[in-house]
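All chains should be modelled from the sequences, with the hints used to inform the complete structure.
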Amino acid sequence: MLEQDVLREFLLESTENLNRLDSEIIELEQKPADKELLASVFRTIHTIKGTCGFLGFPLLERVAHQAENLLSLLRSGERRLSPRLVALILECVDAVRKILTNLEATQKEGPDEYGGLIERLTTAVQTPEEVCELPLPPTDAAPVEAEKSSAVSESAIRVDVGLLDKLMNLVGELVLARNQVLQFTTQKEDGALSATAQRLNLITTELQENVMKTRMQPIGVVWNKLPRLVRDTANACSKVVRLELDGAGTELDKTIIEAIKDPLTHLVRNCCDHGIETPEERAQAGKPPHGVISLKAYHEGGQVNIEVADDGAGVDVARVKAKAIEKGLIRPEQVQRMSEHELIHLMFLPGFSTAKTVTNVSGRGVGLDVVRCNVERIGGTVDVSSTRGKGTLIRLKIPLTLAIIPGLVAMSGGECFLIPQASLLELIRLEGDSAGRIERVHGTPVYRHRGRLLPVAFLNEILGLESMIQNDAVNIVVLQAEDRQFGLVVDGIKDTQEIVVKPLGKQLKGLTVYSGATIMGDGRVALILDVLGIGQRSGILANRDTQNRAAATVMAAADSGSQRILLFRAGSFSRLALPLSLVARLEEFPRSQVERAGGRLVVQYRGGILTLVSLASVLEPGSPGDGQGSGDPLQAIVVADGQRSLGIVVDQILDIVDETVAVRQRTVRAGLLGSAVVGKAVTDFLDLRAVLQSAAPEWLDRRAANGSAVVLLAEPSPFVRGVVRGELEMAGHCVVEAANATEALHCIGNRPVGLVLAAANLPPEGFEGLQDAMRQQPALSGIPVVELPSTESGRESMLASIAQLATVVEQDSPAPAIAVEGLV
Amino acid sequence: MSSTAISQYATFVVDDLFFGIDVLRVQEVLRYQEMTRIPLAPMVAEGLINLRGQIVTALDMRRRLGLSPRTANRLPMNLVVRTEEGPVSLLVDEIGDVLQLESSDFEPAPDNLAPAARELVQGVYKLKDRLLLVLDPDRTLEVNEFLEARPAGSN
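Sequences listed follow chains H and F, in order. All residue numbers for the first sequence refer to the working numbering, where the first residue is 1 and numbers rise by one. All residue numbers for the second sequence refer to the working numbering, where the first residue is 1 and numbers rise by one.
Don't take every hint at face value.
To spell it out: a stretch of chain H is covered by chain F in this simulated footprint if at least three of its residues, at any positions, have a beta carbon under 8 Å from a beta carbon of chain F; those stretches are [what the hints assert, rightly or not]:
1) 317–324
2) 497–506
3) 523–532
No lab work stands behind these hints, which were simulated from the structure alone. All C-beta atoms in this analysis are idealised placements derived from N, C-alpha and C, irrespective of residue type, glycine included.
Quick look at the structure:
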């Protein structure tokens, strides 16, 4: 047990020392005559060597011993520091670090692979090739300095982070107790009590601030590693780079420090590799041969700003543009509309890299997007500005601490829930008449938000709570998760609070809707909502579990009554319509997700592949454009049939209207059924069958082939025939059309018909006429004949008539003729 | 364990059953604490309590043992158990004394114990006037196996 503790202590101390060593050696390279630095480096190596000899790590001791020998020669002035020796010492430091890592993981030193290194060290010690070319001025400052530094180490003590966390919790509880005491004090008139309470108040506040500070670390902890990194990277690219650090004392929470370590390292490496030019290029541009990378950290408005600047070539916007287009990350038309600032930010797209060659340093295109991801994950932001030829400035804004985040307190079912402010976009309050503005697309609530349809979920429905709201105002919290926006309806919104996030116990690990819990000001526990989990549970965000459910609802019939019509725009058709009953979902796909497979445009959708077809190109073959519709993201109407879906790409979804279609007119254009007046404007009705025929013919073929019965549709109006036919075909039936009784009888004679759907006004003698004619032929008398409710009356909607048809068929038809599940 | 080994148990009552739990696993005992319900959580997870700044899940022992629910006017007590992942509270009907018991009085759990209880009971101490069931704290806190999610709207 004791040995374990000693080892742990040794590892902790040595790792800390090594980190310091890196930057000291680099500094030493700049200032080879600095006796103090050299003494410090020597001391560190000596300490490691001494301790590991005591603990019995022979390999580590050997490496450290040789390094010490070399350093002692340097210290005594017998040898001058050369770049070669610096490299050698750095190599030693790496070897020591590697052995320490092994020790930490396995408590063994690991394989002895340092023979070569030790040999080279020994040679370097023994061959005095560079002896005393420039002897160092002898100084005797070293011993004095040593005493000074040991005094510093005695003023600090190492504390376990767990202990600090515990301390922080206790302080939080103390704050709550203090609040209660203060409340009591106001009720009692007692001078001594109020004075004591006041004092308690002050002490508690001060204690809280100071305990918070114990978790803070200077950003210099991360920066320590950068001089070495810059040196190595610059050497690898044959560049000369100087690193300037400003504000290394700026403090951040320990967890944040951990989180920004990698992004920062990456940015600095990027500056070295891409930003700074080679000395020749710099000379041509009239700049000094050595480039400068400067890092600056400072507090501003409760956040920490970290700036990484270089005086290199700056971002070549034209090349960024070209590269983004070449990699298919963006379309040429989009680029035209973008500002320079936006263009520079294209660098943060996944898969982007402008490096001409892939080096071992960077250029693999997995850099800046990862930086942005990491920074955004801790609630920070990244911003870039660049001047061509002058340099680039990348600014990170980072919150001070992760443990305390701002959150919105929302009410649902009488309970408080917290929503992290980071995923919050805006709050909408609907009052009075506007409260009814949440509409439903196929049972899915949506809200028309500045011309766009925002999917909406109800928090109390998701969590199974009783709504407690009395008034009819609706509060929508607009949230962002996974590039998608959705609205969450809550009972009420209180205020925002700084909350301390605490994890939930393992008994609750399976709950994806919460990301943790927190303690509110009154001491009660409140749950923190996980926006992603809420989105998935409500079915708004894609999730494997919800896939099946979505497929099941796809063909469910809409409410009977008046017809719901989806209005949209595509190509030169400014107002197109499709009955909502045919629509499975409305989706948006970022253009970057669109791929090409089998000559078609596809996107990955709900774990499968969704074929996209551009409506504009179906309606206007050969029309200009790229055949994908315009705009980014793409707007698509998804129609589905069981497991199969098709995305019809349109330019814009306009509206959903609830109305009875009045005046109609047949059009001859392929892909359209005809025009009608919807919402006081002439609207073209889409012929879904024609669209499918041209875009996904196999869909219809499969239908015809699966042996479901044929429905004969006898109706004089071609327009009505088209609409009803669409409905029937979407439900999986094969449809033949007839305009009058003679045609109908002819059709029935030619092929097996399972059901006849006839209009009341069918020429020449109406519905009854056809029915009578069929009864007279024994072969046809068994076929059910159903009256198609007169659409001219306008009262019955098309859908209701189909639903009615389905019921009748179920009751009357002895044959398992028609699959009706899609309609009822 | 030698035949005369002595163990200490913190005792409590759930319904009409008398339980004991290794006293070293018990962090503390609290009277009823206000709880925050957890919608969609497993039925056993009754709520979250604030234990001096720590958020602790409270498991209802009646539900855990498959017993009838507690009557509304009877507030449960909290028996806070230590675990590696932090404390968890067991909601019990009454808290009893800490008993020192000799292993000679110990017997394995009878086979005819209700299945929900049997998997949690390590054995039985035969006391003068009643039997003490020894609860396995780790199994008791292993909630996932028999999880039934709280149906929507049952809160």
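- Which of the stated hints cannot be reconciled with the structure, identified by number in ascending sequence? Structure breaks hint 1 only.
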